[in-house]
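Peer 1: Take a look at the letters that make up each chain.
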Amino acid sequence: MATAHTTVDSGSFPRVRGWLRRLRSGDEIARLVTLLFALSVILLTLFLVQRLWDESLLARQAFGWTFLFSRVWDPVAGQFGALPFVYGTLLTSLLGLIVAVPLGLGAAIFLAELAPRRISDGLTFLIDLLAAVPSVIYGLLGIFIVVPLMRTVIQPALGQTLGFLPLFQGPAYGIGFLTGGVVLAVMIVPFIISVSREVLLAVPVDQREAALALGATRWEATWKAVMPYARAGLLGSVFLALARALGETMAVTMVIGNNPNISASLFAPGYSIAAVLANEFSEATGDLYLSALMELALVLFLVTFILNGLARILIVLTARRGSGMAQV
Amino acid sequence: MSLRTGWRKSLNVVMLTLTGVCAVFTVSVLFFILGYLVYNGGKSLNWAFFTQLPAPVGEPGGGMANAIVGSAKLLFLAAVVGVPFGLLGGLYLAEFGGRTVPFIVRYMADLLNGVPSIVIGIFAYAVIVLQARHFSTFAGGLALGFMMIPIVLRSTEEFLRAVPRPMREGAMALGASKWKMIVSVVVPAASRGIVTAILLALARVAGETAPLLFTAFGNRFWSPGWMQPTASLPVMIYTYAVGPYEDWHQQAWAAGLVLLALVLVTNVAVRLIVSRGMSAQRS
Amino acid sequence: MSLGRVSAGLLFAVSMALSACQGNTVTVLNAAGATFPYPIYSKWFDEYHRLHPNVQINYQSIGSGGGIRQLLDGTVDFGASDGPMTDQQLADAPVRILHFPTVLGADVPSYNLPGVTAELKFTPQVLAGIFLGKITRWNDPAIAGANPGAGLPAEDIVVIHRSDGSGTTYIWTDYLSKVSDEWRTRVGQGTSVNWPVGLGGKGNEGVAGLVKQTPFSLGYVELVYALQNNMAYGSVQNSAGVFLKATLESVSAAAASVAASMPEDFRVSVTNPAGAAAYPIASFTWLLVPTRIEDAAKRAVVKDFLAWMLTAGQQYCEPLAYAKLPQEVVARETQAIALIQ
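Residue numbers (our numbering), protein chains in the order written: chain W, 1 to 328; chain C, 329 to 611; chain S, 612 to 952.
One or more hints might be untrue.
[Said to hold, decoys possible] Here are some of the chain C residues that sit facing chain W, going by a computed Cβ distance under 10 Å: (1) Val-341; (2) Pro-412; (3) Phe-424; (4) Met-436; (5) Asn-441; (6) Gly-498.
[To be verified] With beta-carbon atoms standing in for the labels, derived distance ranges: (7) S:Pro-664 with C:Glu-387: 38 to 48 Å; (8) W:Gly-163 with S:Arg-661: 56 to 66 Å; (9) S:Thr-922 with C:Glu-387: 16 to 26 Å; (10) W:Asp-206 with C:Leu-339: 19 to 29 Å.
In case anyone wonders, no lab produced these hints; they're calculated from the structure. Just so we're clear, the structure is a prediction, and the values are computed from it rather than from any experiment. Don't be surprised by glycine CBs; every beta carbon is placed ideally from N, CA and C.
Construct the complete structure from the given sequences, taking the supplied hints into account.
Peer 2: So this is what it looks like as structure tokens:
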């Protein structure tokens, strides 16, 4: 019970006297009240997990671990499996990362290392604004701009040039995994940039200056001295972006095609966990159906939880290495 | 020797340009989004949009007046829930906490922050809507409030911690109790940052759609009071965008523009205030 | 800080004022369900509100599955569905639920074929084949055979179905189960099935939206959605071998065959009926009303609305391409209203 208040003790029960004094001066009440509010955050989170766990009981008992590996999602027959949704979620997020990470890291390097301060601040300001754009607006633009572009230009072009790969075969609907991945990429780039930039800025100046003193160009100093140092934190930023992409609902629902289908082709329609929850939750009749959806929510929650945890650890590792700062 | 140096120098220039292109490209996406929304949304933005209720399905016309008011009510509720818990919780973490409890609280807050918004909506449905047997603005506002709590909590803690020690110690030296010191010195000093954090959190939840799907539900009319379902801007955008009617698409663009303008203006204003405040503090 | 306080206070005052505006005299009913009749329902509830300004019936079209589920959960006052509730669902309900037919509509096969101006004819085998994923191209001999000279392109068919629990799906799969043994055994009928192929759209609105935006697509929607959005839709061959488009006459003819023998709880399927003039994929759509409504004001509104719907409300059907209820059915329903306590 550390407090900043120093007590001038006298008498036989200094701690109790101190406590009484604090109580009278309102300190203890303030502490208890704020503690209460802080604890309620813990309670809320635990309650949420408990509800998910309880509601998914029926499905967990019915399917066990096979739930995660079963491809069938058949409400009529009462057969539910998570694999198509896990596949869709992972695939679109992976596609999003493949596009966003090089773009984001490149931009972060520019902003943290290579650009003059004022340009860097101005561009960072604008990129933070991009992070604030609501998901449904990305979905809106996805439906009316990205999908037609995919269908008429990009997917046919990919099909013609790289069509020998199973990845790019099949009809060009415009809607599907690839479009979902691209929309996700645009949404997570700002996060990668802002966290990576912070991580890179946290690397001690000595590292870069030592490299420069040895005659490295600015790029070499960045690539060979700063980035390896910040490796853990940069990985953490990727994990954070991935966690964000996994939970993304609206934009993906609007462009992924809503078909619980596992296909090697990126052009095919698919489904993600968040999308099926948005579409089917309010109408799942039957306890098993609802419980299966709850189990999907639990799976999504656990995956984002693990990723977020890993990300935090990695970022803190880099920060600690750099300057002994404790919190991110 | 000079060949290698020449290669290294050109690589340097190339990479500088490439990374610069990445940054500029990202920023141009923002302008592209803005431009497209202004162009498409601006065309359909008219007085009817702001003042009329939605027309029957398939009939052109109508507006989103009830959605705009609905969103305002939802945000109000979100603030009522999110601000006290976040503020007071953050206060505890920054001022009173020891090692274990704050660590757990921070961990849980980060956990809550990372929960996908659809899962929060499902949670709010299970806990509020099913129990009350009613979709309501209240449930929707609470769901948004849950999302606000971790954001406000962490930001409050951060800004409170940033208040310099000399200020605190000065107050204590004058004989103030801890609580008095917090209320009269620390909080006012951090207030600008905290208010901006609250406004940013509000802007963030203003655009959330998924939590509202199963809580606030939707309403074609005005929503009386707090215990009835209500329309909201993000849900209307979603509904209209996936529908077939051209008229609906126009209204979705207009609503998107209004929502984006709200969010961006808040973000820009808040960040400018903070930066001006920071430089004022330094001088 | 004071700016924050002022704006918070302002917002508070505004919202209090706004919620006070509506006052406590407004009776609000919440309903949810089928997207199939959404155009006519939204028209009805709008008109009813105009006639009774202190009554708001807020209908959300979330799909028949959603309507049934929310009704069972008790979060809405009444539901709507075009797939009748199953015996199991009725047994699960806290009170007895009545099905009230409201209008007749039809599922039409709507398509987006750039360059094809002829109206396509679909046989039952073609429809089943397309939705089973066995007929994959537009110029398949089965389709071309029924549509000589239509100039069908050699493109893949983009099948579009519902992603949510849907009465429209129920009607469509009910029809396909009747005309195709393979469909019946492999997929079956229901509000939500395991589709062999296709993209999913949310609600009739979503399917119509996808068909409109996706060239070479085919989806099933309620007739009025195709009409309101100027979408092409084909004729379907009925049990007598006649190719018919969904029209008021053909849909009414489908209902006429069962009107006399309507079961007491009004749950009946009119897909693939006998009769040369009957459109094969038509259906009643029902309001699902609990027999016990606690709130007296709400009960009065429900009974009054149902009575209005059966009389004055029917005049709004035909402009929206829904067929009116047969007279015998109207009479039986008027009697059934008394069951609501």
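Peer 1: Compare the structure with each hint and give your call.
Peer 2: Outcome of the hint check:
{"no.": "1", "hint": "Val-341", "in the structure": "holds (8 Å)"}
{"no.": "2", "hint": "Pro-412", "in the structure": "holds (7 Å)"}
{"no.": "3", "hint": "Phe-424", "in the structure": "holds (5 Å)"}
{"no.": "4", "hint": "Met-436", "in the structure": "holds (4 Å)"}
{"no.": "5", "hint": "Asn-441", "in the structure": "holds (8 Å)"}
{"no.": "6", "hint": "Gly-498", "in the structure": "violated (13 Å)"}
{"no.": "7", "hint": "S:Pro-664 with C:Glu-387: 38 to 48 Å", "in the structure": "violated (19 Å)"}
{"no.": "8", "hint": "W:Gly-163 with S:Arg-661: 56 to 66 Å", "in the structure": "holds (57 Å)"}
{"no.": "9", "hint": "S:Thr-922 with C:Glu-387: 16 to 26 Å", "in the structure": "holds (23 Å)"}
{"no.": "10", "hint": "W:Asp-206 with C:Leu-339: 19 to 29 Å", "in the structure": "holds (24 Å)"}
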